[in-house]
Amino acid sequence: MWGLNMFEVYILFNILGLLLPLISLSRLVTSKSFLKIFLLYSFVFFLYTIFLGIKIFINGFNFKLIYFSSQIFQADLMFKMDLVSFLFLMLNSLIFLLIYLFKVYTIQEKLLHVFLMFLFSINNFYFLSGDPITLFLFWEAMLVPTTLILWNFSSGNSKRNALEYILYNFTLSVFMLLGIFFLLNFKGVPGKHSILNLATFLIFIGIMVKAPVFPFHGWLENTYYNLPSFITGIFSAILSKYVIYAFISLINLTPYFYDILVITVLLSVIVSSFIAISSDDFKKILVYMSMSHINVMVLGLLMIFHSPQVKYAIIIMGIVHGLISYSLFLLVQYFQELTNDLNIKNYGNLTVNYPILTLTFSFCLLTMAGFPITAYFFSEFYILSTTLKYSLLFGILLAIGISLNLIYKAKIFYYMIFKKYNVYSSLKLNELSINYFLTSLLLFIGVVLLTIFYHNILHIK
Amino acid sequence: MFITLSDPIQLPIFLISISFIVFILASIYNFSVRYIVTLNSIPLLIAIILLISNIYIKQTSYNEIFFVSSILSIVIYSCVLCTIVFLPFQLKTTKHLNELSFLFVLSAALMNILLYSSNYVYAYLLIEAIAFSFYIFISYYSRTLTAVESTIKYYFVGNFVAIIFLLGIFFFYRSTLTISFDKFYLIQIASENHLFLTIGCILILTALSFKLGAAPLHFWVPEVYQGTPFYAMPIVVALGKLTIGYFLFYFLSEINKYFNFVINYAKILFYFLAISSMIIGNLLAIKQKEVKRVLAYSSIANVGYLLSLLTIEPSDYVISVYFSYLLIYSLSVFFFFFVLSFVVKDKRKIYLTFEDFSYNLANSNIFLIISLFLILLNLAGFPPTVAFLLKLSIIYHLVSHNQVLLALIFLLSTILSVYYYWVLISCVIKSIKRVSVTFYLPIQEILFTLVVLFVSFYFLIGILIPNVIPFFK
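As given, the protein sequences belong to chains L and X, one line each in that order.
Residue 1 is where the first sequence starts when you use the numbering used here, and the numbers rise one by one after that.
Residue 1 is where the second sequence starts when you use the numbering used here, and the numbers rise one by one after that.
Same shape as in the complex, but just chain L (with noise of 0.2 angstroms):
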């Protein structure tokens, strides 16, 4: 198309979304409107992240885009795609159409749709950064319109919400970025080897913020606890992912510190399980096993070193970690707005009374329990083996934090799902309305695809 390759169209297509909020602010631009035009948007995009995919696959060729050859900084900045690319992008793009589909058309704010789809062509573009100076640009990009929402919509105290997040996140990024630096400078220079070690770990500081990890979790409760629950599935499900892409893309070599900063990552599994178990909220017990689940991923990506085959298990994890946050969130949502009540004591006999509702409900909560059969099951299986491979002890501790992650899960199922005596909320719930039930079910049918073509994805070369 106009001497433009297939890729150079795709990157167009991405900056279009990145303009096209503007177009909401017509006053000829209702929200139901401009609700139309991002799914079609949407839509296409997806089909067309789907054609690149099938390309990758069955060609095996990644795409590459050099939009400037920096003399600067010494390099070349581009845009690649390749499959951990297409995966992370496939999360996306899949969530944010959900989204539109299911729940945001109930929304007349039109500033929430402006921020929405910018936060969605920014990831877009992250998942497509192909060096670490386009790849930071984005990472520090996506602060802005997520800071915009919490800004305007978070409930509780909006504005220290918002400044607590981008302070936090913008404060230790810096380290990133000067590891980053670091990494530029010093990459293939003999002799400085500790400096490219060092580099890493300042990198792997500005990660552990945005997992975020035990002593940098600071921000994680006021920001996803106070989002309307729909947009706190983004946050968990995708943003949370950026880690997982920078880590790939970024750390090559073991940081210094290695054995502190795996023991950090464990004791972090564990906090945050400890949290989770000591809260009757479920919006915050969701919050916090978010946390967690994103730990152990963590601790998988610091394991790539002694067994790189892991990389791919830890996308895939992350992948059916986003699907299934997301649909739980949905679901924190659809209590929230039939109840207004979300103790999980004040539920019960959900089982008797609203079958589909339950079935749903169980299937996420096994699947995030790691329960066998399932694509998480089998990662996270990959990721304790490596780990006791590494050190019995720290395989230990894992396997602690992962069961410590179970006792939550049968405290959700125990108050929930049986029957109980005296409960007010359940009363006041529905069966489970079409709309989520699709949604959860296109999810699920996700988790099942990635579960089939596990091994063919783990053992691309």
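Quick caveat, the hints were computed from the structure, so don't treat them as lab data.
Quick caveat, the model's predicted, so the values are computed rather than measured.
Any given hint could turn out to be false.
Stated by the list, open to error - Capping the alpha-carbon separation at 25 angstroms, the derived lysine-lysine pairs in PhoX-like fashion look like this:
#1 L:Lys80 to L:Lys64
#2 L:Lys159 to X:Lys287
#3 X:Lys95 to X:Lys345
#4 L:Lys80 to X:Lys473
#5 X:Lys473 to L:Lys64
#6 X:Lys347 to L:Lys32
#7 X:Lys183 to L:Lys36
#8 L:Lys159 to X:Lys430
#9 L:Lys110 to X:Lys430
#10 L:Lys345 to L:Lys389
#11 X:Lys473 to L:Lys187
#12 L:Lys32 to X:Lys433
#13 X:Lys347 to X:Lys153
#14 X:Lys289 to L:Lys159
#15 X:Lys433 to L:Lys110
#16 X:Lys257 to X:Lys183
#17 L:Lys187 to L:Lys311
#18 L:Lys159 to X:Lys433
Unchecked claim - One side only, chain L facing chain X, incomplete, derived with CB under 8 angstroms:
#19 Phe61
#20 Leu65
#21 Ile66
#22 Ser70
#23 Ile72
#24 Leu137
#25 Leu163
#26 Leu167
#27 Tyr168
#28 Thr171
#29 Val174
Unchecked claim - Which stretches of chain X does chain L cover? Using the computed rule of at least three CB atoms under 8 angstroms from a CB of chain L, they are:
#30 76-90
#31 317-326
#32 390-403
#33 406-412
#34 429-436
C-beta: ideal position from N, C-alpha, C; glycine also.
The hints should help you fit chain X onto chain L, whose structure is shown.
Frame of chain L; chain X shown alone:
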């Protein structure tokens, strides 16, 4: 004839003469607003076309510093053209339009001569001459006490700087016996004159940093910003900084070429100035409750970012990053105040609180608000805008030249800046919620909006097509 006219010194003189004739004629015959604006803007347009053609003609003998100054000239002329075209809508009455537009052309022409001057006495005179029109701009609404105060402050500071500058020239001349940069290569300096030359250089550099408003020589900046009326802000604040920033670098690079022994002292000076500017500018900006003062302190911080580049060895890449950052920063400040001067309803307003800011914006049109949002993002250096990439490249240079401490202070101070820029951005967002969207706008507002939208999208798109950033390699 055109080739002679496009000579960088001839062109401004031609412009001043045309504008002066318009000034005299308009005073005698009471021209209407439309004629004054058209008559003054046509020669400016011709000047821009000539300069662009000049770049193409002289492309064969490509010269870095000539290229930079040509681009800066084009930018200055275009900015002044924008100001003059929209000046009737930025003033309370059009009574003094004739005089003001003459002064605008005059200051633009003088700034352009400064860009090409290779003689420091000449530069001294030009800096004073540019300041002359600025005094009038600042004190235009002289009934408010703040305006008078800031004019007097600017005047005293200007004179103080002039004294330092002259003292520097005196020491410089004593040791080199020349006043022209072109003759530097002929000079052999005796070792007993090294001290005088160093003192002279340091004094001139200090004077220029004083004019730029680097901390700890920054005390006048917030007051002058505060008192300046909105219509004059873009020229006084943005373009003044642009030319002086250019001259500072040019002077330093000439010194670096021929008198290498001075440069270490200059680096120490800039190290000190950069660190204090970054810290003081960003720290004090957090406490401000007024838009202009926030921008004043942020300008101090931005000068700090620029000066931090002067502490490292000036290579080609440093030159390109310095000038790109200077240009992009000046452009974004220019257009920020340009939009404000159009949007603020009370043209004599001196104080603009955050609440007023968002209220005034809400009464304008949505596209102006969006462009202001993008301009603010660029000013703050948030991604995805051009300034972010340029800040990254400054930090990259600092790190690659082992100035890790400076880079760290740079980064930590930018974190402080997130807060106050975010407050401004939130005002803009608040006004987006309030504004009523309409497409039926007066023609001048449509034109104005188109100009501003073009610039703001340039800041956004430039990140994906970095070729459009001037000088950026």
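Tested hints:
1. A threshold of 25 angstroms between alpha carbons decides the hint, and for L:Lys80 with L:Lys64 the separation of about 4 angstroms falls inside it, so the pair holds.
2. Between L:Lys159 and X:Lys287 the CA atoms are separated by roughly 17 angstroms; this keeps the pair inside 25 angstroms, and the hint holds.
3. For the hint pairing X:Lys95 with X:Lys345, the CA-to-CA distance comes to about 18 angstroms; that is within 25 angstroms, so the pair holds.
4. A threshold of 25 angstroms between alpha carbons decides the hint, and for L:Lys80 with X:Lys473 the separation of about 22 angstroms falls inside it, so the pair holds.
5. A hinted pair counts as satisfied when its Cα atoms are at most 25 angstroms apart, and X:Lys473 with L:Lys64 qualifies at roughly 21 angstroms.
6. Distance hint between X:Lys347 and L:Lys32 is unfulfilled; the C-alpha atoms sit about 40 angstroms from each other, more than 25 angstroms.
7. Distance restraint check for X:Lys183 and L:Lys36: the Cα-Cα separation of roughly 69 angstroms exceeds the 25 angstroms cut-off, and the hinted pair is therefore not satisfied.
8. At roughly 13 angstroms between alpha-carbon atoms, L:Lys159 and X:Lys430 fall within 25 angstroms of each other, so this suggested pair holds.
9. For the suggested pair L:Lys110 and X:Lys430, the alpha carbons sit about 13 angstroms apart, so the restraint of at most 25 angstroms is met.
10. Note on L:Lys345 and L:Lys389: the hinted pairing is violated, with a Cα-Cα distance of about 41 angstroms set against a maximum of 25 angstroms.
11. With a CA separation close to 21 angstroms, the supplied pair X:Lys473 and L:Lys187 stays within the 25 angstroms bound.
12. Taken as a hint, the L:Lys32 and X:Lys433 pair is honoured in the structure, with Cα atoms around 18 angstroms apart against an allowance of 25 angstroms.
13. For the hint linking X:Lys347 to X:Lys153, the alpha-carbon distance of about 22 angstroms falls within 25 angstroms, and the restraint holds.
14. At most 25 angstroms may separate the alpha-carbon atoms for a hinted pair to count; X:Lys289 and L:Lys159 meet this at roughly 17 angstroms.
15. Between X:Lys433 and L:Lys110, the direct Cα distance comes to roughly 9 angstroms. Compliance with the 25 angstroms bound is thereby established for this hinted pair.
16. For the hint linking X:Lys257 to X:Lys183, the alpha-carbon distance of about 12 angstroms falls within 25 angstroms, and the restraint holds.
17. With a C-alpha separation of about 22 angstroms, the suggested pairing of L:Lys187 with L:Lys311 holds against the 25 angstroms cut-off.
18. Proximity of L:Lys159 to X:Lys433 is assessed by CA-CA distance (about 16 angstroms); at most 25 angstroms being required, the pair is judged to hold.
19. Interface restraint check: L:Phe61 against chain X, minimum CB-CB distance 24 angstroms, threshold 8 angstroms, status violated.
20. Interface restraint check: L:Leu65 against chain X, minimum CB-CB distance 11 angstroms, threshold 8 angstroms, status violated.
21. With 8 angstroms as the threshold, the beta carbon of L:Ile66 stays out of range of chain X, its nearest partner Cβ sitting at about 12 angstroms, so the hint is violated.
22. For L:Ser70, the interface hint holds, the least distance from its beta-carbon to any beta-carbon of chain X being 7 angstroms, beneath 8 angstroms.
23. Interface hint at L:Ile72: satisfied, since its Cβ lies 5 angstroms from the closest Cβ of chain X, which is below the 8 angstroms cut-off.
24. Annotation: interface hint on L:Leu137 holds; nearest CB of chain X at approximately 5 angstroms, less than 8 angstroms.
25. Given hint, L:Leu163 at the interface with chain X, holds; its Cβ is 7 angstroms from that chain's nearest Cβ, closer than 8 angstroms.
26. Using the Cβ-Cβ criterion of 8 angstroms, the hint placing L:Leu167 at the interface with chain X is satisfied: the shortest such distance is roughly 7 angstroms.
27. Annotation: interface hint on L:Tyr168 violated; nearest CB of chain X at approximately 10 angstroms, more than 8 angstroms.
28. Proximity of L:Thr171 to chain X holds as hinted, the smallest CB-CB distance being about 5 angstroms (cut-off 8 angstroms).
29. A hinted interface residue such as L:Val174 counts as satisfied when its beta carbon comes closer than 8 angstroms to some beta carbon of chain X; here the least separation is about 4 angstroms, so the hint holds.
30. Against chain L, the segment 76-90 of chain X contributes 0 residues with a C-beta closer than 8 angstroms to a partner C-beta. That does not satisfy the three-residue criterion, and the hint is violated.
31. Chain L is given as covering the segment 317-326 of chain X, and this holds because 3 residues of the stretch bring a CB closer than 8 angstroms to a CB of that chain, at least three being needed.
32. Using a Cβ-Cβ cut-off of 8 angstroms, 7 residues of the segment 390-403 of chain X lie near chain L, which meets the minimum of three, so the contact claim holds.
33. Only residues whose beta carbon comes within less than 8 angstroms of a beta carbon in chain L count, and the segment 406-412 of chain X has 4; three or more means the coverage holds.
34. Residue count for the segment 429-436 of chain X with a Cβ under 8 angstroms from a Cβ of chain L: 3. That meets the three needed, and the coverage hint holds.
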